[in-house]
Structures are given as C-alpha cells and as structure tokens.
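Asks: Chain by chain, the residues:
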Amino acid sequence: MGKTLAEKVWDEHVVRAVAGEPHLLYIDLHLIHEVTSPQAFDGLRLAGRAVRRPDLTLATEDHNVPTLDWDKPIADPISKTQVDTLRKNAADFGVRLHSLGDVEQGIVHVVGPQLGLTQPGMTIVCGDSHTSTHGAFGAIAFGIGTSEVEHVLATQTLPQAKPKTMAVTVNGSLAAGVTAKDLVLTLIAHTGTGGGQGYIVEYRGQAIEELSMEGRMTVCNMSIEWGAKAGLVAPDQTTFDYIEGKPEAPKGADWDAALAHWKTLVSDADAEFDKEIVLDAATMTPFVTWGTNPGQGVPLGGNVPSPDDFDEPNDKIATEKALQYMGLEAGTPMREIAVDTVFVGSCTNGRIEDLRLAAEIIKGHKVAENTRLLVVPGSVRVRNQAIEEGLDKIFIEAGAEWRGAGCSMCLGMNPDQLAPQERSASTSNRNFEGRQGKGGRTHLVSVPVAAATAVRGTLSSPADLSSVEV
Amino acid sequence: MDKFTTHTGVGVPLRRSNVDTDQIIPAVYLKRVTRTGFEDGLFAAWRNDPSFVLNKPEYAAGSVLVAGPDFGTGSSREHAVWALQNYGFRVVISSRFADIFRGNSGKAGLLAAQVDEKVVQRIWDYLEDRPGATITVDLESRTVRAGEGPDAIEDSFDIDDYTRWRLLEGLDDIGITLGHDADIAAYEATRPSWKPATL
Ligand code: SF4
Numbered sequence: 001m002g003k004t005l006a007e008k009v010w011d012e013h014v015v016r017a018v019a020g021e022p023h024l025l026y027i028d029l030h031l032i033h034e035v036t037s038p039q040a041f042d043g044l045r046l047a048g049r050a051v052r053r054p055d056l057t058l059a060t061e062d063h064n065v066p067t068l069d070w071d072k073p074i075a076d077p078i079s080k081t082q083v084d085t086l087r088k089n090a091a092d093f094g095v096r097l098h099s100l101g102d103v104e105q106g107i108v109h110v111v112g113p114q115l116g117l118t119q120p121g122m123t124i125v126c127g128d129s130h131t132s133t134h135g136a137f138g139a140i141a142f143g144i145g146t147s148e149v150e151h152v153l154a155t156q157t158l159p160q161a162k163p164k165t166m167a168v169t170v171n172g173s174l175a176a177g178v179t180a181k182d183l184v185l186t187l188i189a190h191t192g193t194g195g196g197q198g199y200i201v202e203y204r205g206q207a208i209e210e211l212s213m214e215g216r217m218t219v220c221n222m223s224i225e226w227g228a229k230a231g232l233v234a235p236d237q238t239t240f241d242y243i244e245g246k247p248e249a250p251k252g253a254d255w256d257a258a259l260a261h262w263k264t265l266v267s268d269a270d271a272e273f274d275k276e277i278v279l280d281a282a283t284m285t286p287f288v289t290w291g292t293n294p295g296q297g298v299p300l301g302g303n304v305p306s307p308d309d310f311d312e313p314n315d316k317i318a319t320e321k322a323l324q325y326m327g328l329e330a331g332t333p334m335r336e337i338a339v340d341t342v343f344v345g346s347c348t349n350g351r352i353e354d355l356r357l358a359a360e361i362i363k364g365h366k367v368a369e370n371t372r373l374l375v376v377p378g379s380v381r382v383r384n385q386a387i388e389e390g391l392d393k394i395f396i397e398a399g400a401e402w403r404g405a406g407c408s409m410c411l412g413m414n415p416d417q418l419a420p421q422e423r424s425a426s427t428s429n430r431n432f433e434g435r436q437g438k439g440g441r442t443h444l445v446s447v448p449v450a451a452a453t454a455v456r457g458t459l460s461s462p463a464d465l466s467s468v469e470v
Numbered sequence: 471m472d473k474f475t476t477h478t479g480v481g482v483p484l485r486r487s488n489v490d491t492d493q494i495i496p497a498v499y500l501k502r503v504t505r506t507g508f509e510d511g512l513f514a515a516w517r518n519d520p521s522f523v524l525n526k527p528e529y530a531a532g533s534v535l536v537a538g539p540d541f542g543t544g545s546s547r548e549h550a551v552w553a554l555q556n557y558g559f560r561v562v563i564s565s566r567f568a569d570i571f572r573g574n575s576g577k578a579g580l581l582a583a584q585v586d587e588k589v590v591q592r593i594w595d596y597l598e599d600r601p602g603a604t605i606t607v608d609l610e611s612r613t614v615r616a617g618e619g620p621d622a623i624e625d626s627f628d629i630d631d632y633t634r635w636r637l638l639e640g641l642d643d644i645g646i647t648l649g650h651d652a653d654i655a656a657y658e659a660t661r662p663s664w665k666p667a668t669l
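So the sequences go chain by chain: A and B.
All residue numbers for the first sequence refer to the working numbering, where the first residue is 1 and numbers rise by one.
All residue numbers for the second sequence refer to the working numbering, where the first residue is 471 and numbers rise by one.
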C-alpha cells in the first residue's frame, strides 16, 4: 500500500522508533517569538544546556509589539519585558532574531514563508497554534507548548505519537469573490471545532490546486480551528514558483536536488487515509461567523440562527450563550449587522495578496462614518511591498489606519484592542470571547467582506458596493 | 533534574479537596518570564488569611504537602508545579490527583504520591497534633512514614512505574531524549545539505 503525503514527511523525520513509545521526530525549523519562549530559555539556563541547532532556529517579535511608534520603547511593561527577554535570550544562545525595525520582522508565520525558510517536506514547530500555516508548502507544521519549545531547543527533536491522516477534497472551483477564507470557514462550520482532532489533514482537489500559495496558507492556518494537529497541501508548480528566488531558498545544484525530492511529496494513488471529507467549492459563498467559535458561521446572505435551529441540547445552549455574548437577535440578516471596527491583518490574511485585494475593493471609497478600518501588514516586508505598490495611499485616502507589522488585534496583546461590546469584522482566525479585547465581539470574515464592510459599515460583500456612492 | 530516592521533611496538612491550579497559583502571577520565583503566588488568595496553614511558623519549612482528593484540577498550567517547587515542596500527598497535574509533576521532578483517603486523614491528624513534625517519603519502597511507636503511620503510595523510574534517575524529558544523542547525531549526518538554515 502507498503512503499519504503526511506519512512520507513524517517517516523521513523519525530519529528513533520503539514499540510502545512515541516516535522521536527531528525538527527542521523551530520558530520562536517573545510570548512562549522565555521560560524555555530559562529552563535551559537552569539545567546548563545549550541550543542544539541555533542554525535551525529563528526568532521574531510579533505577538505583543506595538503597531504605532514601534521605534519608541514599548509602553506596556509586560510586553517590554517579554521582548527584552527574547532579545537577551537570542543573544545569549546565538539565535537569529528579527527585531522591531528590521525588514524581516513580523508575524512568525508570515516571516518563515517570505524568507523561503518554509519548504516542502519539512517539519516545522513553533510555540503557537497557527504554525499549521506552513503546511501550505507540504510541510508538517504544528504548534507546541513552552516545555516542548525547551525540548526542541535542547535536542532539535520532539517525542510525538504518529497522528492519523485525513483527506479533505474540495472539488470544483470557487466562484469569483469567494476566497480561501470562505472555503475554510465553510469547512469548519461543516465539521465543528473538534472534527479534525487527532489528524494531520491533507487539503486536495481542484479548488485547493487553484489557490495561490497565500490562499493555501489561509486554509492551512485555520486547521487548528477545527481541531486538526496540522494541515498540509501537496507541493506543486505553484509552490515551487513561490519559493524560487526567496532569500533562503536553495540555489543552483541545491535547487535541483531539492526540487527532485519535493516532486516525490504527493500522496500515492493507492494511499489510504483514515478519514475523508468531500466538499464542493462551487456551492461556496462569502461566509462569516455569528458566534464565539470559528465553527459558528453562516453564509453572508443568511441570518443569525436561533437556538431552536439545533437539535443537540449542547448546541442549543452554546448558541444561546453565543448570541447573548455577541449581542445578536436570532433571525437578523447578517448583512444588517453594524460593525465598529474592521481589522485586516494576522497570519491568516495579512499577506501582500490580502492587502492588494483589500485595496482594490476600497479604492475610491471612504470608510463608513461610524466604522474604523485597521490595516496591519503581516510583516515589514509586506508593508514595504504595499507601500511600493501605493496601497498605503489607497488605505489612508479611504480613512483607514495604516499600521506597523505584527499580530495586533488578532489577539489584542498590544494596545490594538476592542473595547467591551465593540463589534469587529476581522480577517483573523479566532472569534473566542474576549480574544480581541475584553468583551469584544468578533465576526470572522474574508478580506473582500472586510473591505466591503469597512465601506458600508455593516457586514457586506463587494457586490453590495455598487449601491454605494463612489 | 535532581534524583529523588527518599525525602524526609516537615509535613503540611492542607485540609481541602479540589484544590485547582487557579488556587495553587492565580493567573495574575503568571506574567513572569522565568521558571523560578513563583513561590510568592503559591496559594496567594488563601495566604491572605492569617490562620492559613502556611502562615503558621511551625510549617514554614514545609516540604511535604498533604492535601485532600482531586488535587491539581483545572487549567493545565505548569506554573502550579513550579510554584510548589519554588516554595520548597518536594512531595504532594493526596488521595487523588488530576491527570494533567500528575503528568506535569512527574516531568518537573515533584513527587505526586497517591495514598488511600484514610491515610490522608490519619496524616492530617498526626501533623495537626504535632505541628512541624516530619514525614518520610521513600520512593524506592513506595512508602510514606510518620512517627514512631504505636502512633506511627506507615503505608504504601501509588505511582506509575515509568514516573518512578524517571524520578529515581532524575531524568526530565530532555534528559531522556539526550540519552538518544547518538541516534540524533546519526540522523543529522544523513540530512540533505540543501535543507534550509537560518545562520
Ligand atoms: S496573527 Fe494571531 S493567530 Fe497568527 S500568530 Fe499572531 S496571534 Fe497567533
């Protein structure tokens, strides 16, 4: 019997396999940021241990850095301590760090791919659950806890039980205006937030093949939101074209050798998955969440559901609680929900294509009177590219706030937060209670929906803009 | 991680059940960037009460905590174990531990000794009659002992074989993996040269 892509990559990284014990897995790339690493480095210090492979380790500052005045000292004392600690640890242990002000600084999951460090067939870990983003390149990438960060720093390996594999096949093509974000939100509404538990998921089928690398990253990014250990896409010409020429991509003979290997990284025709899900892209439409987990979503054209729409008692209760927290009435058309803040950014939708798409829709419009639009590039490189293309001017002319790079309002660890009961349309990945600020109400949306919502002030798609005065 | 064979230290009777990790160390104490220094947050809310057991001078040097059932429930924060260790505890005795707490303890080198509920009661009575008395916890023979003569308490405790072995050998997860260093080095020798590096 053949092997799935995930099994191939996994098997290539097993350092030690003993019956009854987890595999010892080699890690090709360890990404680090300021929030989950301090105690890992401190643990090394206490035990007198070194970082085994600083050359396979990369640190950036992203989770709690300010997106305004980033050249000034960080005002929040806890954020400042964490960033200062990362700087000291990186210096003490010889780890490459991209600090505020550096062109490569940004969200760890944007930086890896843009540097060309994320490549097919790798194992990649980071103390952050959205590490699954890197799976878009055909890598096994997953988030780990702080004690595991210490383990990888010290040994470059991780004991891991081999997960099961699942195939999610998305047939057909996405209609114009429907994005990777809508695809993955539709999938999560279909599976629920626990549907992927215990699996490495391979996304495949025509709709996935037709996605750009950035779209594939958006899909893989949200794997964790339906519980999957990791998500990946088989590398193809789209992948190779994206990597070629990036700063850390293989060159010359190395490129040829790498490419020859990458081309073997597909699931064999006779490989068996432990589970399969099939979806039809042609039926998908812009999709938005109404509740407090990423599985609580409906098409933009739909209405806020009622607890009575659900059969399971648990779902009824969850719906009731979510509606209460979100301040929503069952039956309200999603399009009538007024939004205070629109956030375009995060490792889900903070890359250059996302900014281009947002700018294209916003161009010539103004942000609605009672709404603010925050545009936060995923990295300084993305920011610079956008400025080069004049996107910043489009945002600023429309009345948006054009910010520095980082996680920002995705999790509100820096000053970019929602006020209690403030409502956002956010291109990020989590709408948990309080995620974007205490009491904040988050609707997860695609970039086109975010941009159109900023213009109309209520949840909207670009198609709704024809009725808006230019 | 230090090896654990046997430990004799002042026993602290904590007459409470369902001690969750929020009570062991409240969330406001988690902002530190080190693995040490969490002792000030240990049972922080309860320590505001002057009559709380840890505020009594007889128990100041306590190193064996004796608690009611379901110790360490709640969120999985490893800080709960660190706080107990930073304070000076080497052992927690209880009739039932939350799984995650037990796992985190074994990894960090804190002995979670599970005994019968009646034994906990007897140790509580013994310690309260003699504040500052010591308890001996012997991991080799898996026994707890307190006192001598007719009042003496001696009973066995439960701990799984794997965790016991790790504690006896003083092996944390990293130590165990580093024991396979030759395998790791052999793997590294076969990695293709075109794989990316950050330096
Ligand atoms: S952008 Fe959000 S999800 Fe992504 S790494 Fe930052 S905090 Fe995590």
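If you're looking for bench data, these hints aren't it; they were derived computationally from the structure.
Errors might be hidden in some of the hints.
To be verified - In silico BS3-like links for lysine-lysine, alpha-carbon gap of 25 Å or less:
id, chain 1, residue 1, chain 2, residue 2
1, A, K80, B, K588
2, A, K8, A, K263
3, A, K3, A, K393
4, A, K363, A, K393
5, B, K665, A, K3
6, B, K473, A, K162
7, A, K263, A, K251
8, A, K164, A, K3
9, A, K3, A, K275
10, A, K246, B, K665
11, B, K665, A, K8
12, A, K263, B, K665
13, A, K366, A, K393
14, A, K275, A, K8
15, A, K80, A, K162
16, A, K438, B, K473
17, A, K162, A, K3
18, A, K72, B, K473
19, A, K438, A, K321
20, B, K588, B, K501
21, B, K665, A, K251
22, A, K162, A, K275
23, A, K88, A, K72
24, A, K263, A, K246
25, A, K88, B, K501
26, A, K162, A, K8
27, A, K164, A, K263
28, A, K80, A, K438
29, B, K577, B, K473
30, A, K275, A, K164
31, A, K164, A, K8
32, A, K162, B, K501
As the list claims (entries may be wrong) - Estimated spans, in silico, between C-beta atoms of each pair:
id, chain 1, residue 1, chain 2, residue 2, range
33, A, A161, B, D628, 18 to 28 Å
34, A, A419, B, N518, 26 to 36 Å
35, A, G331, B, G645, 14 to 24 Å
Claimed, not checked - Reference excerpt, derived from the structure (chain A facing chain B, CB under 10 Å, subset only):
id, residue
36, M1
37, V15
38, R52
39, L56
40, D84
Beta carbons are placed, not taken as given, at the ideal position from N, Cα and C, and that holds for glycine.
Asks: Look at each hint and say if it fits the structure.
Replies: Hints versus structure:
Taking the CA atoms of K80 (chain A) and K588 (chain B), the gap is near 50 Å; set against the 25 Å cutoff, the hint is violated. Proximity of K8 (chain A) to K263 (chain A) is assessed by CA-CA distance (about 12 Å); at most 25 Å being required, the pair is judged to hold. Note on K3 (chain A) and K393 (chain A): the hinted pairing is violated, with a Cα-Cα distance of about 50 Å set against a maximum of 25 Å. Proximity of K363 (chain A) to K393 (chain A) is assessed by CA-CA distance (about 9 Å); at most 25 Å being required, the pair is judged to hold.
Pair hint K665 (chain B) plus K3 (chain A) holds up; C-alpha atoms about 22 Å apart against a cutoff of 25 Å. Annotation: proposed proximity of K473 (chain B) to K162 (chain A) is violated, straight-line Cα distance about 31 Å (limit 25 Å). Between K263 (chain A) and K251 (chain A) the alpha-carbon distance is near 17 Å, which keeps this suggested pair within the 25 Å criterion. As the CA atoms of K164 (chain A) and K3 (chain A) are separated by approximately 12 Å, the hinted pair is consistent with the 25 Å bound.
Between K3 (chain A) and K275 (chain A) the CA atoms are separated by roughly 14 Å; this keeps the pair inside 25 Å, and the hint holds. Between K246 (chain A) and K665 (chain B), the direct Cα distance comes to roughly 14 Å. Compliance with the 25 Å bound is thereby established for this hinted pair. The suggested pairing of K665 (chain B) with K8 (chain A) holds, with an alpha-carbon distance near 16 Å, which does not exceed 25 Å. Of the pairs offered as hints, the one joining K263 (chain A) and K665 (chain B) holds, with about 15 Å between alpha carbons and a cut-off of 25 Å not exceeded.
Only pairs whose Cα atoms come within 25 Å are accepted, and K366 (chain A) paired with K393 (chain A) is accepted, the gap being roughly 12 Å. Straight-line distance between C-alpha atoms of K275 (chain A) and K8 (chain A) comes to about 17 Å, which keeps the hinted pair within the 25 Å bound. Taken as a hint, the K80 (chain A) and K162 (chain A) pair is broken in the structure, with Cα atoms around 38 Å apart against an allowance of 25 Å. For the suggested pair K438 (chain A) and K473 (chain B), the alpha carbons sit about 44 Å apart, so the restraint of at most 25 Å is broken.
Distance hint between K162 (chain A) and K3 (chain A) is fulfilled; the C-alpha atoms sit about 14 Å from each other, no more than 25 Å. Of the pairs offered as hints, the one joining K72 (chain A) and K473 (chain B) is violated, with about 47 Å between alpha carbons and a cut-off of 25 Å exceeded. Our distance criterion of 25 Å between C-alpha atoms is met by K438 (chain A) and K321 (chain A), whose separation comes to about 16 Å. Of the supplied pair hints, the one linking K588 (chain B) and K501 (chain B) is violated, its CA atoms being roughly 38 Å apart against a limit of 25 Å.
Distance restraint check for K665 (chain B) and K251 (chain A): the Cα-Cα separation of roughly 11 Å lies within the 25 Å cut-off, and the hinted pair is therefore satisfied. Annotation: proposed proximity of K162 (chain A) to K275 (chain A) holds, straight-line Cα distance about 15 Å (limit 25 Å). Only pairs whose Cα atoms come within 25 Å are accepted, and K88 (chain A) paired with K72 (chain A) is accepted, the gap being roughly 18 Å. Straight-line distance between C-alpha atoms of K263 (chain A) and K246 (chain A) comes to about 19 Å, which keeps the hinted pair within the 25 Å bound.
A distance of roughly 17 Å separates the Cα atoms of K88 (chain A) and K501 (chain B); the hinted pair therefore holds under the 25 Å criterion. Taking the CA atoms of K162 (chain A) and K8 (chain A), the gap is about 12 Å. The hint holds against a cut of 25 Å. This hinted pair checks out: K164 (chain A) and K263 (chain A) have alpha carbons roughly 23 Å apart, not beyond 25 Å. The hinted pair formed by K80 (chain A) and K438 (chain A) meets the criterion: a straight-line CA distance of about 21 Å does not exceed 25 Å.
Using a Cα cut-off of 25 Å, the hinted pair K577 (chain B) and K473 (chain B) holds, with the two alpha carbons roughly 12 Å apart. Pair hint K275 (chain A) plus K164 (chain A) holds up; C-alpha atoms about 8 Å apart against a cutoff of 25 Å. Pair hint K164 (chain A) plus K8 (chain A) holds up; C-alpha atoms about 13 Å apart against a cutoff of 25 Å. For the hint linking K162 (chain A) to K501 (chain B), the alpha-carbon distance of about 33 Å lies beyond 25 Å, and the restraint is violated.
With their beta carbons about 25 Å apart, A161 (chain A) and D628 (chain B) fall inside the hinted range of 18 to 28 Å. At roughly 32 Å, the beta carbons of A419 (chain A) and N518 (chain B) sit within the given window of 26 to 36 Å. At roughly 59 Å, the beta carbons of G331 (chain A) and G645 (chain B) sit outside the given window of 14 to 24 Å. Interface restraint check: M1 (chain A) against chain B, minimum CB-CB distance 25 Å, threshold 10 Å, status violated.
A least Cβ separation of about 4 Å between V15 (chain A) and chain B falls short of the 10 Å threshold, and the interface hint therefore holds. Checking R52 (chain A) against chain B by beta carbon gives a least distance of about 8 Å; that is within 10 Å, so the hint holds. Interface restraint check for L56 (chain A): the shortest CB-CB distance to chain B comes to about 6 Å, inside 10 Å, so the restraint holds. Given the 10 Å rule on beta carbons, the hint for D84 (chain A) holds: about 9 Å separates it from the nearest Cβ of chain B.
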